[in-house]
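Asks: Here is how the chains run, residue by residue.
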Amino acid sequence: MLNYALRRILQMIPLLLVISLVIFTLTALQPGDPVDQLVLGNSQITPDDIARLRAAYGLDQPIPVRYWFWLTHAIQGDFGWSRTFSAPAASYVFQERLPNTLLLTLPALILSTLIAVPLGIFSAVRQYSFLDYVLTFFSFVSFSAPIFWIGAMALWLFAIYLPQITNGVISLPPGGLGSPDLAPDAGFWSVLTDKLRYLILPLSILMLREIAVILRFLRASMLEVLNQDFVRTARAKGLSSRKVLYRHALRNAVLPIVTLLGLSIPGLFGGAVLTETVFSWPGMGRVIVEALTSKDFNVVMVALTFISVLTVVFQLLTDLAYAAIDPRIRYS
Amino acid sequence: MKKWLTLSVLLLGAGVVSSALAGQANNSLVIGTSQEPPNINDPWRTNNLVIATEITWYMEAHLIGKDDNGELYPEIATRVPSLANGDYKIVKDAKGNVIRNSVTFSIRKDAKWSDGTAITPKDFQFWLKVEQDDRVPVPTREPWDKAKITLQDADTFTITFDPPYLFADQLTSAVGLNPAPSAAMEKAWSAFDAATKNLDPKTGAKQITDEWNKFIAQFTTSRGLPKVVSGPFKPTAWRAGNSLVLTRNPNYWLTPKGGADKYIQSVQYRFIADTNTLKVNILSGQLDALSYVGLSFDQAIEAQRSERGKYKTYFVPGATWEHVDIANVGARAQSLGLNDKRVRQALMYSIDRAALVKALFEGKQPVSNTWVSPISKLYQKNAKDYNFDAAKAKALFAAAGWKPGPDGILAKDGKKMSLNFSTTAGNKLRERVQQILQAQWKAVGVDVNIQNFPSTVVFSGDFAPRSAEGKWDLFMYAWSNDPSVERGDLWASQFIPSKDNAYAGQNYPNFKDADYDKIWNDAKTEFDLSARVKLFDKMQSIWTDEVPSLPLYFRANPYTKVPGLVNYTYTAYSLYPSWNAAQMGWASRGAVETFTQK
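These protein sequences, in sequence, are chains A and B. Under our numbering, the very last position in the first sequence is 332; numbers go up by exactly one each time. Under our numbering, the very last position in the second sequence is 1598; numbers go up by exactly one each time.
If you are wondering where the hints come from, they were derived from the structure by calculation, not from laboratory data. Treat the hints with care, since some could be wrong.
Restricting the straight-line Cα-Cα distance to at most 30 Å, the calculated cross-link-like pairs of lysine-lysine (BS3-like) are [to be verified]:
no., chain 1, residue 1, chain 2, residue 2
1, B, K1403, B, K1415
2, B, K1403, B, K1512
3, B, K1394, A, K195
4, B, K1394, B, K1377
5, B, K1377, A, K195
6, B, K1598, B, K1377
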């Protein structure tokens, strides 16, 4: 097992190098560069100015040279400067944006799992019951409705309509990370309350999608397992239905969910972009879009490389978790 | 369960409490914007974003400012320089050509930085020294590359431009010359200087820029807020991606009527990237006003319908000019007849712009006939107006040899008039304008294929400047210019982008006219306004006859503000509402209205 893990970790190095090269090349091949933004709207800019600025931003070099420059510096922990955010690219992404994403996505993932797993089991065990239909309907709607639409509706409901009809008793802020007018010396509870108010809507919308996905997967997986011979045998042996369900069926049915969660975590860091955009939540998803739009190569590289690292790491963890959960899998 | 219910009610109710505290109750102002600047209060403007300038003006005072009427007023200076008062001087050679000009400013005795130290000529000298330094990545140094500051006394200095600068008497912040706090910055500047002095500006450009970034980031960013400022507000908190808070600077010297305590004491900018969410913030009463960078026009129209007395929507006539450039040269343009002015004129006559602005903009965005803003003194009032005339259009096409084929599409020598029309994808308004124009052109036999790309693509060096290579036949976008410093550069052949000049310049249609060039050259050094008006009259006559570009309309910039907020105004002259930051206030708190939104 240890050998397997070490081998996989060593394999990650060339893989990540290839990924970073591909990301760098594709980003650099986009039409336009950061100097275009400065040239635009400035009729006085001269060819000398353009050449000077391109050299200043290192854009006058061929892509392989630029990549080599980036790589040799990145290995030393220097991921360059972000022109869009006026800060070192890595510290901006990890200190300013990553905590916001963690604050939004980790509770979303944990709460969604805690809610969706029992619902998925219930839905499978009580197949075709009224509640199963309700849950199936809920998951299809949550899964198919566009997030920006659900988000916009939630904003309208909680920030405009309900405050109007309840005279402000029910009211949630229409996006943002927190109250700008919160006093700097506000106590812990004031800060927490303020943060929670702003978190409720984006968290709920993000959870809707996650619950729907986990619920559907677990329901399907449970149904498949519940119809297998070993479950029938376990039941025939007279084991209690609770034991059959949780010790035999769920342990087998949960494998696809482990894969799903393993791959969801890196996806959530960049994939929450719509939720972050609708609710003005300054997280990783938005930073990638903003950096791509403004050709901020250093930020794009930091954010996408980080997500790539997360993806390969969580793939490894998922594989290792398989071995822990399923006794049939042994990497030795 | 009861605990959860109580917590929920508390959380939900807290929204109401904080809303009630905002705005008039605590004499603050909450402004929403869809863009966040990378940095603020950078005296050298190393980024050219509108939002950065708008926010900077809350915390940056200027020698002279420009109000909503285009009138100059002194801020740091004791008076506005003019020929009459002798502060503005022109030096002519024997032939009568202006060879040099200069302006002299005296700094007010009470002009102070926010830390209480005096603003001195040294702060302007420091600004100029850095601006002229080859290592600093300013987009362009014009007109500062050859300017010189000489001290007259402890409070007075003269800036000399040699060669002369046409708008030297209008040195507002829009053309640079911002005070830089030399005392606060000099130590860090010396560190930058030491770290980069042995580097070659060409081969070591990237390292120099990295060092520059480290220097400027200490004074202009969310992690390095400006240490001292000169304007009426100073930054106190910037939460990246969320908000920026500015509080009133007690050391600012221009006191509004009745005393500064009757006016806004703090300003909060909320950065809300999604404009639909921004609109929800307005509707829910979270914002007192919108920034210049806020809603799109159609969103503002929707917001206007939902006002219910809670806020008012304004459409400020601006100097942003929407137009369609026509590719004038190149093999493709030639094969389509676009190099023939009769075809370009016919394209102009084929479109009904009056109906377009009425249908889409409720008439709030006026049709334009030239590129010069109608509020500029240089605008040609009787400019040739290509009113919609399909018969005239067809006659002009026929005269140029383009006749309708069996399918109704114009054709010449077996070639169909099928034009590629591009604009910024995702800009719904432009896309609607495009569809209307496409239908109007189709009615006279011109086939138009819409080929839109994201703005990052169309404004890249690979697209917009490449009309001669056939990248587009028609290209719709906007151009913005301060109407007081209009120069006509857009259409000078010197600014035709090409491979040889690294695609510099915005003469995208590749318009080249010897007469225009000559008059433009004369106008560049014509210091007499009435004579310059005559030259611009000729330039606009040539331009409207040649039609290198199809003028559509001047954009009106929408914003909203709640009732009772006074002096939050702007026009195409003053550019952003922040020009008048010191006087913004709530009528209910005793603020006196001195400017109303036009």
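Asks: Next step is simple, just say for each hint if it's right about the structure.
Replies: Cross-check of the supplied hints:
no. : hint                   : verdict
1   : K1403(B) with K1415(B) : 11 Å, holds
2   : K1403(B) with K1512(B) : 28 Å, holds
3   : K1394(B) with K195(A)  : 64 Å, violated
4   : K1394(B) with K1377(B) : 35 Å, violated
5   : K1377(B) with K195(A)  : 52 Å, violated
6   : K1598(B) with K1377(B) : 18 Å, holds
Violated hints, in rising order: 3, 4 and 5; the structure is consistent with all others.
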